[in-house]
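Engineer: Based on the sequences and whatever the hints tell you, model everything.
Going by the numbering used here, the sequence shown opens with residue 20, and the numbers climb by one from there.
Hints may be right or wrong, so weigh each one.
Claimed, not checked - Restraint-style ranges between C-beta atoms, simulated for each label pair:
(1) 84 <-> 223: 32 to 42 Å
(2) 102 <-> 273: 38 to 48 Å
(3) 85 <-> 112: 26 to 36 Å
(4) 209 <-> 84: 30 to 40 Å
(5) 307 <-> 217: 43 to 53 Å
(6) 124 <-> 227: 29 to 39 Å
(7) 235 <-> 85: 36 to 46 Å
(8) 167 <-> 234: 16 to 26 Å
(9) 154 <-> 213: 35 to 45 Å
(10) 81 <-> 112: 55 to 65 Å
(11) 84 <-> 222: 41 to 51 Å
(12) 207 <-> 110: 20 to 30 Å
(13) 85 <-> 193: 33 to 43 Å
(14) 295 <-> 268: 15 to 25 Å
Keep in mind that the hints were calculated from the coordinates and are not lab data.
Remember, predicted model here, so these are calculated numbers, not experimental data.
Even glycine gets a Cβ: it sits at the ideal position worked out from N, Cα and C.
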Amino acid sequence: MKTMLRRSELLAGALLLASSLFAAGCGPNLPAERPVDRELAEQIRADISEGTGGPAVAVARPDPTGWATLSGSFKFAPGDASKFSNPPALAVSGDDGAYCNRGGAPKSQSLLVDGEGNIANVVIFLGDNLSKVEKPELWIHPSATGSTEPVTFDQKACVFLSPITTMQVSQPLHILNSDGVGHNTKLENANPISEILPPGGKITYEHRKEERQPYAVSCNIHPWMKAYILVRNNGYFAQTDEQGKFKIENLPAGVDLTMKVWHEAAGGFLTDVTVNGETKKWPKKGFPVKLTADGEMKLDVVLDAGPFSN
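Structural biologist: Right, dumping it as structure tokens:
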């Protein structure tokens, strides 16, 4: 059986190291009080819980009992829908202003809501690090891993055509420029690039690792251009369509899972929700679900408009 690390062991090791340093004479040289880097602390906690702080270690968990589907919808309450149904125009300027405005000023794509309050481009994905399970064949369905189908990321009329793109690490990313002017495409991820694409240009980008949340894509030449890409090791993710609907198939059933929900206009992960008529407070680290084999769990989610109004 593979060695399994527990948080208590990690903590004990850290305390032993600290005490040995103090005994060796390091203690008096430390300041009496030092500020807490809360952002770093949260990052360390996330690394421990998701297993990204070191080599993958097998975790003893019950095996799944089969496969199941998670589906549902995201929308605003009727009284809030009208606040967001008409996206604002982007402030286009610079040397390419005449070209970019030739069909009218492009509109923001950061929050797309229809007249009934349905929200597009909400991202929902499995937060568990399945690289740590002992029997991945029982946890990851063949349809949810290893895709090599290229993903296209294009720009036209001085906007990115896909406000949010979801993909697997194994999929190549084809970045295109279908515009008549040059663009600078900047990927702000763990392996960042900043490439100039002339009109008709194309590059292929290969991700090295998954990201915990969608990362930003921008254009230094046209600063109003912005989009996001979520890249994961497996295919357990979805983004809502124009009717606010999503579906994730072949998730492992009979085991505890953690799902995360993200939207650009809310500033990140969603927490204040009403699910199937019940008010909830989802943790930013994700909310738990446990699916029944061969079944389908439906989540009809109404979002608090507050985080979207900032």
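Engineer: Now tell me if each hint is right for this structure.
Structural biologist: Consistency of the hints with the structure:
Between residue 84 and residue 223 the Cβ separation comes to about 40 Å, which falls inside the hinted range of 32 to 42 Å. Distance hint check for residue 102 and residue 273: the Cβ-Cβ separation is about 41 Å, which falls inside the suggested range of 38 to 48 Å. Hint check: residue 85 to residue 112, Cβ distance near 55 Å, so the stated range 26 to 36 Å is violated. Between residue 209 and residue 84 the CB atoms are about 34 Å apart, so this pair conforms to the stated range of 30 to 40 Å.
Distance hint check: the CB atoms of residue 307 and residue 217 are about 48 Å apart, consistent with the given range 43 to 53 Å. For residue 124 and residue 227, the hinted distance range of 29 to 39 Å is satisfied, since their beta carbons lie about 37 Å from each other. Judged by the Cβ atoms, the range 36 to 46 Å given for residue 235 and residue 85 holds: they are separated by roughly 37 Å. Against the hinted window of 16 to 26 Å, the Cβ-Cβ separation of residue 167 and residue 234 comes to about 21 Å, which satisfies the hint.
Under the hint 35 to 45 Å, the C-beta atoms of residue 154 and residue 213, about 41 Å apart, fit the expected range. As the Cβ distance of residue 81 to residue 112 is approximately 57 Å, the hint placing it in 55 to 65 Å holds. Checking the proposed 41 to 51 Å range against residue 84 and residue 222 shows it holds: the Cβ atoms sit about 44 Å from each other. Under the hint 20 to 30 Å, the C-beta atoms of residue 207 and residue 110, about 21 Å apart, fit the expected range.
Separated by about 35 Å at the C-beta atoms, residue 85 and residue 193 satisfy the suggested range of 33 to 43 Å. Hint check: residue 295 to residue 268, Cβ distance near 20 Å, so the stated range 15 to 25 Å holds.
The structure shown violates just one earlier hint, number 3.
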